[in-house]
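A.B. asks: Each chain is listed here by its residues.
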Amino acid sequence: MNQVATLVFHGRFRVESFLDFVRHRADRLALHAGIGTVTADCIEVSVAGDEELLDAFELACSLGPIDCIVLDHCRIRTIESRANAYVPRSGGL
Amino acid sequence: MSFGAGWYPVALSNGLETGRSAGTRLFDRELCIWRDANGMAHAWEDRCPHRGMRLSFGFVRGDRIACLYHGWQYDTQGHCRFIPAHPDLDVPDTIGVATYTCTERLGMLWVYSDREVETPPDLPIGPREIVPVRSLYVDCKPAAVMQALAARSKNIGSAGVTLLSLDADGRDLLTGIQPYGEVKTALHMVLPGDPGVNRGAVRHAAAAWAEGLRRCLEQGTEQIAERAATHEVAP
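Residue numbers (this note's numbering), protein chains in the order written: chain A, 80 to 172; chain B, 28 to 262.
Just to be clear, a hint being listed does not mean it is correct.
[What the hints assert, rightly or not] Looking from chain A toward chain B, a few residues come up when the C-beta cut is under 7 Å (computed):
| hint | residue |
| --- | --- |
| 1 | Arg107 |
| 2 | Ala109 |
| 3 | Glu131 |
[Said to hold, decoys possible] Just a sample of chain B residues kept apart from chain A, beta carbon distances all over 10 Å, derived:
| hint | residue |
| --- | --- |
| 4 | Thr45 |
| 5 | Thr103 |
| 6 | Val144 |
| 7 | Asp149 |
| 8 | Ala235 |
| 9 | Gly247 |
Worth flagging that the hints you see were computed from the coordinates, not collected in a lab.
Every residue gets a Cβ at the ideal spot worked out from N, C-alpha and C, and that includes glycine.
Throw the hints in and build the complete structure from the sequences for me.
C.D. replies: This is the structure in C-alpha cells:
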C-alpha cells in the first residue's frame, strides 16, 4: 500500500552529507522524496512509496552517514496514497 | 606489464556445477559466480545490497540466488524479486546487485572486467574441443606471472584477452590468466583437441606439469627460464 510520510530526524548533521545519504537511499528504494526543514540539528524529509520501503528508508536514515549522528527520529504524518502522484513540498531530490 | 579492461577467466566451467555458487576475485574485487537451474552462469559483485553478506554463501533456487543472511532472492538480472520478511512487497528494480558480463568459452567462465561498459566487445574465442585440466592459484603478482609465462608461450588471445598457449612437455596447454589480487594469480588450464585422446593419463600428466610450474613461479622467475631451456619434467 502506498503511503506518504513525513519523517523528522534530530541530531548533529553535516547537512550535505545527510542529504546525499537521503537521496541515495530514496533512489535505491524507488521512493519519491522531498526535503522540508533543514538545520544542523533537524532535518525533515517527506517520502512516498510502499509502506515497507518507507520503513526501510526510515531505518536506514536513522543510522545515517558516518559523519552525522541521529539522536532521535519520528514520523509526524502518514497518509495513504492511491498513486505515486506525490509532489514534494520543497522541491524534489 | 599492466592489465586493462578486458575478458578474464575466473573459473573452469566444470568447476561450477548447476545450482551452485562460489566466490572468486578479479583485481581484488570480490565476485560471486553461480550457475542457475538452466545451466546459465552469472558473475556478480559478491555483496548482498541489504546487509553486505557475500552472495557466494547463498543458495541457488531455480533461476534465483538467495542470500544466506535474510533470504533476499535475486533473479538472473540481479534484481531483487522477493524479500521473505515482506512477502507481499513488489520489490522495485532499483534494489539489485551489481552484475558483470560473463560468458563461457574453451571450458572457462570469462568475465568482462569493466562493469561501466554497457556492451563489451565479443570474446574473440571460437568453440573448440577441450578437456579441462585444472585451476592453479599462484602466490605471485599477476604481471610477474604473465611476464614469466610469456617467455615460454605464445599469446593466442587478442586485445583484452589473456590466453596463453604453453608448451607442456610438447603438449599445447591453453592457459587463461586471472589477475586474482595484488599478489595472487589464478591459472585456468585446458587441453585442446580430441577429448577421447586427452582424458585420463594425458590430462593427469598435464596437471602434474602445471603443479611443477606453480612451484617454479612461486620460487622465482629465473627458474622459469631455466626450466624452459631444459624442458624439465615436473615430478
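A.B. asks: Hint by hint, note whether the structure agrees.
C.D. replies: Quick rundown of the hints versus the structure:
1. A least Cβ separation of about 5 Å between arginine 107 of chain A and chain B falls short of the 7 Å threshold, and the interface hint therefore holds.
2. Taking 7 Å as the C-beta contact cut-off toward chain B, the hint placing alanine 109 of chain A at the interface holds, the least distance being around 3 Å.
3. Satisfaction of the interface hint for glutamate 131 of chain A is found here, the shortest Cβ-Cβ separation to chain B being roughly 4 Å, below the 7 Å cut-off.
4. No Cβ of chain A comes within 10 Å of the Cβ of threonine 45 of chain B; the nearest lies about 32 Å off, and the non-interface call holds.
5. At the 10 Å boundary, the C-beta of threonine 103 of chain B stays outside the reach of chain A, the nearest C-beta of that chain being 20 Å off.
6. Distance check for valine 144 of chain B against chain A: the nearest CB is about 22 Å away, which clears 10 Å, and the non-interface claim stands.
7. Interface exclusion of aspartate 149 of chain B from chain A stands, the closest Cβ pair being 32 Å apart, more than 10 Å.
8. Annotated as non-interface, alanine 235 of chain B keeps its C-beta farther than 10 Å from every C-beta of chain A; the closest such distance is 50 Å.
9. Every C-beta of chain A lies more than 10 Å from that of glycine 247 of chain B, the closest at about 44 Å, which supports listing it as non-interface.
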